[in-house]
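Participant: Produce the entire structure from the sequences given, and follow the hints as far as they go.
Per numbering that gives the first Met the number 0, residue 0 is the first one in the sequence shown, and the count goes up by one each step.
Everything labelled a hint here was simulated from the structure, so no lab data went into it. It is possible that part of the hints are untrue.
Claimed, not checked - Here are the simulated DSS-like pairs of lysine-lysine, each with C-alpha atoms no more than 27 Å apart in a straight line:
hint	residue 1	residue 2
1	7	19
2	19	32
3	98	86
4	19	8
5	71	86
6	7	32
7	19	9
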Amino acid sequence: MEKEEHWKKKREELELQIEKDHEHNEELLATTKDLQNLLESERNENVSRQAKIDELTLRIDEASTRIAELEKESEERREITTALEEKVEHLSVRLNEEKVRFEEMQKKYEDEVVLLQVLFSERSVSTDTKINPSVVGGKCTV
Numbered sequence: 000m001e002k003e004e005h006w007k008k009k010r011e012e013l014e015l016q017i018e019k020d021h022e023h024n025e026e027l028l029a030t031t032k033d034l035q036n037l038l039e040s041e042r043n044e045n046v047s048r049q050a051k052i053d054e055l056t057l058r059i060d061e062a063s064t065r066i067a068e069l070e071k072e073s074e075e076r077r078e079i080t081t082a083l084e085e086k087v088e089h090l091s092v093r094l095n096e097e098k099v100r101f102e103e104m105q106k107k108y109e110d111e112v113v114l115l116q117v118l119f120s121e122r123s124v125s126t127d128t129k130i131n132p133s134v135v136g137g138k139c140t141v
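Facilitator: This is how it looks when you write it as structure tokens:
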């Protein structure tokens with residue numbers, strides 16, 4: 000009978016241990032499921048973050064390409080501006096030269112007009128003197 004009691008006690012201890020192990024296993028299983036759900040959630044967030052990173056990388060690449068295009072366009076416009084400034088400077092110099100030449104020609108023309116007026120006046124006086132001897136030196140002596 001002692002043996003039976005002994006084995007009965009052992010059996011109860013084993014059943015109790017099995018029940019504790021079973022509860023512990025259930026807790027471990029629940030924790031494992033929670034961790035798997037958390038891991039799956041983290042994976043989904045990582046996929047979402049990676050998609051956002053890919054989208055932002057694409058936008059950065061597009062922006063970089065556009066910046067390069069704008070820098071090239073800006074450089075071309077700077078070159079055009081420089082060429083136009085040089086052309087304006089050249090034309091300004093030529094315009095000033097033409098103004099000086101025009102002023103010289105204007106002065107020469109005015110001098111010639113004055114000279115012609117003097118010559119015409121002298122010729123007119125000379126002609127008047129021949130026609131009318133009373134006019135001498137452009138003055139009437141009568």
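Participant: Each of the hints needs a verdict: does it hold here or not?
Facilitator: Structure-based check of all given hints:
1. 7 <-> 19: Roughly 18 Å separates the two Cα atoms, so the pair holds.
2. 19 <-> 32: holds (20 Å)
3. 98 <-> 86: holds (18 Å)
4. 19 <-> 8: Holds - the C-alpha atoms of residue 8 and residue 19 are around 16 Å apart, at most 27 Å.
5. 71 <-> 86: Holds. Residue 71 to residue 86 sits at ~22 Å (cutoff 27 Å).
6. 7 <-> 32: violated (37 Å)
7. 19 <-> 9: holds (15 Å)
The structure is inconsistent with hint 6 alone, although it conforms to all the rest.
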